[in-house]
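> The chain contents come next:
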Amino acid sequence: MFLVVIKNGITLLDEKGLRNDGRRWNELRPLKMSVGVLKRADGSAVVESGKTKVLAAVYGPREIHPKHLALPDKALLKVAYRMASFSVEERKKPQPSRREIELSKVIKEALEPAILVEKFPRTVIEIYVLVLQADGGTRVASINAASLALADAGIPMKGLVTAIAVGRIGNQVIVDLNDAEDKYGDADMPIAVIPITGEITLFQMDGTMPPDLFDKCLDAAMEAIHKIHEMQREALRRRYLKIKEELIKGGGK
Amino acid sequence: MISEVKREIISRIEKEIIINQLAQGKRSDNRGFFDFRKINIVPAPIEKAEGSAFVSLGNTKVLVGVKVSPAHPFPDTPNQGIFVVNAEFPPIASPMFELGPPSEYAVEVARIVDRVIRSAEMIKLEELAIIPGELVWMLNIDIYALDDDGNLIDAAMIGALAALSVGYIPKVEIIDEDKNKIEIIREEKRPIPLQDMPVTFTFAKVKNFLILDPTHIEENIMDGRLTIAINMRGEICAVQKGEGGGFKLEDIQLAKDIALRKSDEIRNIILEQLAKKPRGEESWNEIRGLGNGED
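Line by line, the protein sequences give chains A and B.
Sequential numbering from 6 applies to the first sequence in this note's numbering.
Sequential numbering from 238 applies to the second sequence in this note's numbering.
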C-alpha cells in the first residue's frame, strides 16, 4: 500500500507508488551521454537526463588572462554555468542570475578535488556549461557532463565526478528528481562523489528531512552514483573506440 | 588590418598554403568556391520553447529558440506583434569567445538576422495582435552559437528561419478586454504566421578570391566579408559588408549572382529537412549523432 500524494494538481505518488512520470522511487530518467560533440572546444560532452539537456565544454590548461589571477602552485579552475534563455518556461534573460553564479561556484568546488590542478601551475582550466533545456537536476547533469568534458580534453584527474539528486515525497525517498518533484516535493538533495576515492564533493539540500530518511537518501544516492559512473566510463570508452577506428581508417590523419 | 573580430594567430605557412590552394582553384576542405558545407537541420528539439531548431553547417553548430509571450505593442504600431533577435556567442563555441555581454560580433549577427527578417517581411506581424492597441505577441528569437567553425551568420539565419517555421502561437481567451486580462491556452496552437523564407549567403574575400560559406580558418585569413540575403521573390533583401578590407564592384556583382542563383536550392534543402525530420525528443537522436562521438 502506498500513500497517494497530490500537490498543486500533480500526482507526485500514485496508489501503486509510481511517480508523476511513471517511474519507481529509485528509477533514473533515460540517461544519455555523448562525448566529444564539439570541434572547437578541447573537450566536450552532452548529458541528457530525460528532458534535461546540458552541454559542457572545456579549454586548457591554457595561458591565463589577466596574468595576476595566476596561482603559483596550481591551475586556476574557472566554471561558468549558464542557462539558455529558452531552456525554461518563462524566457530567462541572458545576464547571469544570482542562482547561476552560485551554481557555477558549487560546480567548480565539486570538480576541483578530482582535477590534478597542481600539475599545471600559472595556467587556467575553463569549464563552460550551457543548459539547453531544464527539467530538474541541471546542476548534477552539469557536473556529470563537465567531468566527461574534462576527460575528453585529456586533463588528468583522480577520477570522474558523478552526481545525482535525491529527495523525498512524504516518507518516500526518490532518486533523480524532475522539475515537478523539485518544486512540490518535500526535499531535494543533490550530491556529487568521486567514486574512485569515495570523496563527496557536492552536498546541498533544501526542504526538510527526518534523520532516518536522511541516511536512506544517502544510500540511494550512492547506489545511483555507481550506476551513472559506469555509464560515464562506457561513454568515454565509446569515444575512444571511435577515435581508434578513425586513426586506423584515416592512416593517422 | 584592424578587425572587430578577435582572430586567432595563424602561421604564415598555413596562410600561404591556403592561398596557394585557392590559386589552384582548391579549398582546404575540397569544396568548390561557391559550395555550402552540409546543412543539417534538427527541428524543434527544445520542448520548452514555442519554436526551436538546431542547425549544423559542416562543423559549425547553432541552437535557436523562439519564446512567445504577451507584451504591450510599440505606440507607432499598435496592431502589430513584436520580434526581438538576440545572439549569444558563449565561450563554449570557440576558444576566442569570452563570457559577458554579447560582443560586437554577436550584436552584428543578431542585427543582420533581424534586418533580413524585417526587410523580407517574413513574419505577418499584423496577425500577432491579441487586443489591438493593448496586447500583442512578442517573439524572442535567441541564437546560441555552440561550435564556431566559421560562418555563424548563415547558420544563425537558417536556425532562425527553421525555428520560426516550426514554431507556434498559443491560443488565447480574452477574459476582460478592458483590463487586458487574458488566459493562454498552450494546448491549442497555430503556426507562427509567415509569408517569406529569406536566405543569406556569406562570402569571404581572401586575396583576390571570393569564397562562399567560409570555415573559421578561412575567416582567420580573410580580408573582407560580404552577406547577401535573398527573399522568396528573388529580391535582394539585405546586405552587409563586414571586416576590414575592400570589395571591388565585380566581387559584389559576382556574389549577388551566386546568391540569386543558389537561393532556391538552399530554400529547398531547408524545406525538405523541416518536412521529413522527426521533432521533439526523437530529434535528439540526430543531435547526438552529429557530434564526433555518437551515443
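Among the hints, a few may not be true.
Pulled from the structure, derived: some chain B residues nowhere near chain A, Cβ distances all over 12 Å [unchecked claim]: (1) Gly262; (2) Phe270; (3) Pro428.
Pairwise CB distance ranges, derived in the manner of DEER restraints [claimed, not checked]: (4) Glu518/B <-> Arg238/A: 57 to 67 Å; (5) Glu410/B <-> Val9/A: 50 to 60 Å; (6) Leu508/B <-> Gly159/A: 50 to 60 Å; (7) Pro126/A <-> Leu497/B: 18 to 28 Å.
Source of the hints: derived by calculation from the structure; they are not laboratory data.
For each residue, glycine too, the CB sits at the ideal point set by N, CA and C.
> Does each hint fit the structure? Answer for all of them.
Status of the hints after comparison with the structure:
1. Gly262: 23 Å, holds
2. Phe270: Label holds. Min Cβ-Cβ 22 Å, cutoff 12 Å.
3. Pro428: Fine: 18 Å to the nearest Cβ keeps Pro428/B off the interface.
4. Glu518/B <-> Arg238/A: 57 to 67 Å: Given about 25 Å between the Cβ atoms, the range is violated.
5. Glu410/B <-> Val9/A: 50 to 60 Å: 32 Å, violated
6. Leu508/B <-> Gly159/A: 50 to 60 Å: 42 Å, violated
7. Pro126/A <-> Leu497/B: 18 to 28 Å: 57 Å, violated
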